[in-house]
Structures are given as C-alpha cells and as structure tokens.
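Colleague: So the sequence lines, in the order shown, correspond to chains D and V. Residues in the first sequence are numbered from 1 upward in steps of one, following the UniProt record's numbering. Residues in the second sequence are numbered from 1 upward in steps of one, following the UniProt record's numbering.
These aren't lab readings, by the way, just hints derived from the structure by calculation. As the structure is a computational prediction, the values presented were derived from the model and not from experiment. Check each hint, because a few of them may be wrong.
[To be verified] No farther apart than 20 Å at their CA atoms in a straight line, the calculated lysine to aspartate or glutamate pairs in the EDC-like style are these:
| hint | chain 1 | residue 1 | chain 2 | residue 2 |
| --- | --- | --- | --- | --- |
| 1 | V | Lys124 | D | Glu122 |
| 2 | V | Lys72 | D | Glu122 |
| 3 | V | Lys117 | V | Asp106 |
| 4 | D | Lys150 | V | Glu129 |
| 5 | V | Lys178 | D | Asp146 |
| 6 | D | Lys11 | V | Glu21 |
| 7 | D | Lys229 | V | Glu186 |
| 8 | D | Lys95 | D | Glu178 |
| 9 | V | Lys117 | D | Asp88 |
| 10 | V | Lys172 | V | Asp152 |
| 11 | V | Lys204 | V | Glu165 |
| 12 | D | Lys205 | V | Glu21 |
| 13 | D | Lys11 | V | Glu52 |
| 14 | V | Lys172 | V | Glu29 |
| 15 | V | Lys72 | D | Asp88 |
| 16 | V | Lys98 | V | Glu126 |
| 17 | D | Lys95 | D | Glu128 |
| 18 | V | Lys124 | D | Glu149 |
| 19 | D | Lys148 | V | Asp58 |
| 20 | D | Lys183 | D | Glu209 |
| 21 | D | Lys205 | V | Glu29 |
| 22 | D | Lys281 | D | Glu318 |
| 23 | D | Lys229 | D | Asp256 |
| 24 | D | Lys229 | D | Asp240 |
| 25 | V | Lys178 | D | Asp236 |
| 26 | D | Lys2 | V | Glu21 |
| 27 | D | Lys281 | D | Glu249 |
| 28 | D | Lys257 | D | Glu318 |
| 29 | D | Lys4 | V | Asp106 |
| 30 | V | Lys204 | V | Asp62 |
| 31 | D | Lys11 | V | Glu129 |
| 32 | D | Lys2 | V | Glu29 |
| 33 | D | Lys150 | V | Glu186 |
| 34 | D | Lys150 | V | Glu126 |
| 35 | V | Lys178 | D | Asp118 |
| 36 | D | Lys281 | D | Glu209 |
| 37 | V | Lys124 | D | Asp118 |
| 38 | V | Lys72 | D | Asp240 |
The chain contents come next:
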Amino acid sequence: MKTKKLINDPKVIIEEMLEGIVAAHPKHVRQVEGAPRAVVALNGPRKGKVGLVIGGGSGHEPTFVGFVGKGLADACPIGNVFASPPPDPIYECAKAASGGAGVLFMYGNYAGDVMNFDMAAEMAGMDEIEVRTVLTTDDIASAPLDQKEKRRGVAGNFFIFKIAGAACDTMKPLDECERLARKANAHTYTMGVCLSPCSLPQTQKYSFELGPDEMEIGMGIHGEPGVAKGPIQTADAVTDAIMDKILGEMKPNKGDKVAVLVNSLGATPLMELYLLNRRVKQRLDQVGVSIHQTWVGNYCTSLEMAGASITLLHLDDELTGLLDHPCDCAMFRAG
Amino acid sequence: MTELTAADLRTIFQAIGDAIEADKSRLSELDGVIGDADHGVTMSIGFTAVNEALAKLDASADPTTVFNTAAKSFLNAVGASSGPLYGTAFMRAGAAVKGKPTVDRDALADCIQAMAKGMQDRGKAERGEKTMMDAWLPAADAAQEAKARGDDAVACLEAAVAAAEAGAEATKAMLATKGRASRLGERAIGHMDPGAASAVTILKAITAAVRGL
C-alpha cells in the first residue's frame with residue numbers, strides 16, 4: 001500500500017518545491033540563474049563578509065533552505081530527498097556567497113555530504129575562494145562521546161547555523177567565524193525519538209518498521225535506526241530519558257543558561273511538543289539551569305515522520321550575543 | 001565480442017540502467033533496513049541521467065568521452081554518496097582507456113579495476129567495512145586474475161560477478177564501520193549492504209550486455 005502524499009510527479013518534486021518557496025518568499029531568496037538548485041539570500045552576501053553556505057538533502061524543511069536570509073545563511077544548495085546535493089550547486093552557492101573574505105561550509109556530518117561539499121570546496125579553491133568546513137555533530141545518540149567526530153548533525157543545526165550566521169553577519173573574519181561555528185557545535189546537544197516512520201516520495205513506502213506500540217529512541221532524521229527500540233512511553237518518561245542523556249553529557253553548573261529547541265520530526269503536533277517542553281522546563285528548574293529562549297515547532301523535519309527531538313544549546317555570553325543577533329530568513333525570523 | 005566500441009559502451013550503460021530500474025525497490029528496501037531507504041531511488045536517478053546524457057552525445061564520441069559524460073551526469077543528478085563514488089569511478093574508467101578508439105578484453109578488466117580504485121580513493125573504505133567496496137574490490141581482483149589466465153572478456157566479467165556476489169553476501173556478517181549503517185552497531189549484522197548489492201546488479205548487467213554483443 002502506498003503512503004498518501006500531496007505530490008504531482010516525484011521526479012520533479014524538488015523543482016516544484018523550490019518554485020513554491022521562491023513564490024512564497026520573493027523578498028528573501030532567489031535561485032541562481034542557470035543553477036536553480038542553488039538558492040541565495042537576497043540581502044545576505046556582501047563585500048568583506050564571510051559567506052555562509054549551509055545545505056544537505058531535502059525533506060527536512062525548514063532545514064536547510066528556510067534558514068537562508070540576512071543574518072543567517074547566504075546560500076543553500078538543494079539536494080534530492082535525503083541525499084546530499086552534488087558539487088555543482090554547492091560551488092554555485094560558494095560563488096554567490098563569497099564577498100572576498102572566505103566562505104564557510106556548514107552541514108551535517110554524513111559521508112555523502114562530506115564528499116560532495118569537499119569536491120565543491122576544491123572547485124571554489126580554484127577560483128581563489130577560501131573555503132572552511134564545519135560539520136555539525138549534535139546528535140548525541142548517534143555515537144558515543146569518545147567518537148564524537150562520528151556523530152551526525154540533526155535539529156541542533158538550527159542553533160549552530162544561527163550562531164555562525166550571526167558571526168558572519170557581524171563581519172568577523174573567517175578564522176573567528178570558524179571558531180564560533182565550532183564552539184556552537186560543541187555546545188549543542190540533541191536527541192530524538194521516533195513514533196512512526198516516513199516514506200520517500202519516490203517509493204511511497206515506509207522506510208522502516210515500528211510496531212504499533214513501539215517507539216525508537218535516538219533515531220536519525222533520515223530514519224536511520226536509533227539506539228534502542230522499546231514500548232511507547234509517556235511524554236514525561238521520554239523527555240526524562242532524553243534529558244538524562246543530554247544533561248549527563250552537558251554537565252551544566254547551577255546558574256548556567258541554555259536555549260531550548262523542541263522540534264517535531266514532521267507529524268507530531270504542537271500540543272505534544274509543548275508537553276515535552278513542560279517537562280524540559282521542570283528538569284532544568286531541578287538542576288538550577290535557566291532558559292534564555294525556547295523554540296517549539298517544526299525546525300528540522302523528516303518528511304512525515306512522527307516523533308520529536310530536544311536540543312539544548314549551552315550558552316555563555318559570547319554565544320548568547322550571537323543567538324540574539326537579528327536575522328530575517330525565508331522561514332525564520334529573530335530579533 | 002572482440003572489442004567494445006563507444007556505441008557498445010552506450011548499450012552497456014542502457015543495460016545497467018534497465019537492471020537498476022528493475023531492482024530499484026529491492027535496493028531501497030535493503031537500504032531501509034540499515035540506512036535511509038533511498039539507495040534504489042538514487043541509483044535509478046543516476047543511471048537515468050547518464051542514459052539521457054549519452055543519448056545526446058555525438059555519435060563520434062570515443063570511449064573516454066562516454067565515460068566522462070556518464071561521470072558528470074551521474075554526479076550532478078545524484079549527489080548523495082553514490083554520486084561522488086560512481087562519478088569518480090566512471091572518470092577513472094575513462095582515464096584508463098584514454099586515447100583508445102575501442103575497449104578490448106584487457107582494457108575492460110582494467111576499467112573495472114580503475115573504477116574500484118577510484119571509489120576507494122574517494123570513499124576511503126577498506127574491505128570488511130560493510131560497503132560497496134566489499135563487492136567492487138574482489139570483483140576487480142577477480143577480473144584481473146581472469147585476464148592473467150587468458151580468459152575472454154565474458155569470462156573475466158563472470159569471474160567479477162561471482163566475486164562481487166560472494167563479497168556482497170559476506171557483508172551480511174559484517175559490522176559496519178563506514179557510512180550511515182556504522183551508527184547501527186551490531187544491529188546491522190545479518191543484513192546485506194545495499195551498495196554491495198547494487199554493485200552486483202551493475203556487474204551482472206554489464207556481463208549480460210557484453211555476452212549479447
């Protein structure tokens with residue numbers, strides 16, 4: 001049985017989505033002429049500013065393309081569903097984002113993305129554009145702490161890109177932008193839970209199976225199996241399991257400050273997200289950690305997957321200033 | 001077959017495209033067990049783009065141009081992991097036959113070896129890490145051994161297929177250390193790597209096409 005989707009032809013699903021995005025946000029983004037899979041911020045790139053290029057596979061909207069705009073990312077190459085974009089649109093984005101001060105490539109740590117972005121970085125290098133790469137690795141369930149470099153990037157991208165975008169927008173040099181991007185990644189902790197699977201537009205079949213009473217903790221945003229399957233639990237119990245892992249690794253001191261993101265993987269409604277957030281607040285209160293700001297909603301989805309993730313950004317003054325810096329993107333505004 | 005012309009190479013790419021199309025669901029399902037379920041779709045998108053690009057290519061194009069066209073079209077249609085890996089593979093195959101108007105038996109075995117080497121250079125995977133390399137590396141070795149024995153082209157390819165099949169089968173028992181399945185730990189054991197499975201599909205299609213020429 002095929003899953004139900006509102007699509008026309010899966011072969012042109014990305015082109016049609018981009019047409020819709022540009023139609024909805026003409027004041028924020030445009031497609032590069034001759035390279036429609038390279039989306040650029042209208043008011044982002046400028047002379048002397050480090051260009052920020054973020055990207056990855058489609059199917060996670062508003063990640064990545066929704067975060068293109070002044071104050072955040074300058075350009076975003078668009079991949080097929082759950083597949084890294086090829087080098088050409090990434091290279092076009094590097095050129096469009098470049099203001100002569102270097103370009104930062106930021107994307108989730110996946111083998112395919114690394115190969116394609118590295119090839120594009122070589123191409124940009126031949127044009128004398130200096131490219132630095134910062135991989136996001138916020139999913140603490142995807143590898144143990146001693147193999148942190150193997151972890152994948154998930155919803156915490158939102159915080160990490162936001163910090164890096166602010167660093168670039170405030171005209172910091174490339175070294176400094178890179179340092180702040182790495183710092184943001186090191187301070188971001190995400191873990192998710194999946195309740196029901198997603199299906200690719202091309203197959204319209206569920207990518208994996210979960211029993212009627214099962215959930216999977218630590219699942220990836222492409223449906224990569226997580227660390228453990230188990231019976232479905234209450235919102236509080238799931239939040240506790242996630243918060244135990246996050247706080248265990250973050251080791252906050254009393255009086256520390258965090259930003260919170262409670263993210264839907266696609267199908268889970270706001271009502272349930274707010275239940276999770278209620279428990280997040282209780283847990284942070286218990287350990288004396290204060291919340292600087294909270295975001296709740298669809299920030300990094302996995303098509304129609306049901307489930308949610310919780311991300312904490314462990315703040316200090318430097319990161320707080322950048323988090324509060326205004327941005328105006330197609331699908332996100334701050335300050 | 002004595003020597004493959006550029007037109008024969010196009011026929012072979014068409015055969016690979018048809019075989020991947022027929023195998024698309026199985027490959028995606030294998031990937032759904034241990035990855036993100038898009039492998040069949042990705043490979044199908046790639047070879048569809050290859051065959052569209054080859055159809056537009058001038059009839060006088062040489063084997064290297066055919067391979068380079070395949071490389072560029074596959075890479076830019078797909079991205080993902082398979083894009084850079086197969087893109088590099090086809091580019092290296094093109095380099096292996098550079099300046100040759102046709103591809104003979106020896107060159108065919110060398111192409112397969114160049115492809116495997118290219119994929120390994122790009123993806124940096126070794127044998128035993130539960131990836132497509134567990135099919136491609138033994139296949140390339142088997143083709144070289146058959147060539148050294150003096151086997152004909154079809155026999156070289158058959159040796160490659162047999163080695164790839166054994167290699168793909170062996171991935172079932174492996175613990176993944178590269179790619180997305182590596183996050184699974186022991187849960188990936190018992191499942192065939194989809195990249196190794198599609199390598200077998202490709203090699204089988206090449207063999208059948210060469211046999212029919």
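Colleague: With the threshold set at 20 Å, check whether the alpha-carbon distance from Lys172 of chain V to Glu29 of chain V stays at or below it.
Modeller: 15 Å, holds
Colleague: Is Lys205 of chain D within 20 Å of Glu21 of chain V, Cα to Cα?
Modeller: Holds. Lys205 of chain D to Glu21 of chain V sits at ~17 Å (cutoff 20 Å).
Colleague: So if I understand the rule, the pair passes when the alpha-carbon distance is 20 Å or less; does Lys124 of chain V with Glu122 of chain D pass?
Modeller: Between Lys124 of chain V and Glu122 of chain D the Cα gap is close to 17 Å, so the pair holds against 20 Å.
Colleague: Take the C-alpha atoms of Lys178 of chain V and Asp146 of chain D, compute the straight-line distance between them, and say whether it is at most 20 Å.
Modeller: Distance ~17 Å between Lys178 of chain V and Asp146 of chain D Cα, so the pair holds.
Colleague: Hey, Lys281 of chain D versus Glu209 of chain D, does the alpha-carbon distance stay inside 20 Å?
Modeller: It is violated: about 32 Å lies between the C-alpha atoms, which goes past 20 Å.
Colleague: Between Lys11 of chain D and Glu52 of chain V, is the straight-line Cα distance small enough, at 20 Å or below?
Modeller: Roughly 14 Å between the alpha carbons, so the hint for Lys11 of chain D and Glu52 of chain V holds.
Colleague: Compare the distance between the alpha carbons of Lys124 of chain V and Glu149 of chain D with 20 Å, and conclude whether the hinted pair is satisfied.
Modeller: 16 Å, holds
Colleague: Take the C-alpha atoms of Lys98 of chain V and Glu126 of chain V, compute the straight-line distance between them, and say whether it is at most 20 Å.
Modeller: Violated, because 27 Å separates the two Cα atoms, which is more than 20 Å.
Colleague: Given the proposed pairing of Lys2 of chain D with Glu29 of chain V, does the C-alpha separation stay at or below 20 Å?
Modeller: 14 Å, holds
Colleague: Within a Cα-Cα threshold of 20 Å, do Lys72 of chain V and Asp240 of chain D meet the stated pairing?
Modeller: Given that 20 Å is the threshold and the Cα spacing comes to 49 Å, the pair is violated.
Colleague: Please verify whether Lys117 of chain V and Asp88 of chain D have alpha carbons no more than 20 Å apart.
Modeller: Status violated; Cα separation ~23 Å.
Colleague: Holds or violated: are the alpha carbons of Lys229 of chain D and Asp240 of chain D at most 20 Å from each other?
Modeller: 16 Å, holds
Hints 9, 10, 16, 19, 20, 22, 23, 25, 29, 30, 31, 36, 38 from the earlier list are contradicted by this structure; the remaining hints agree with it.
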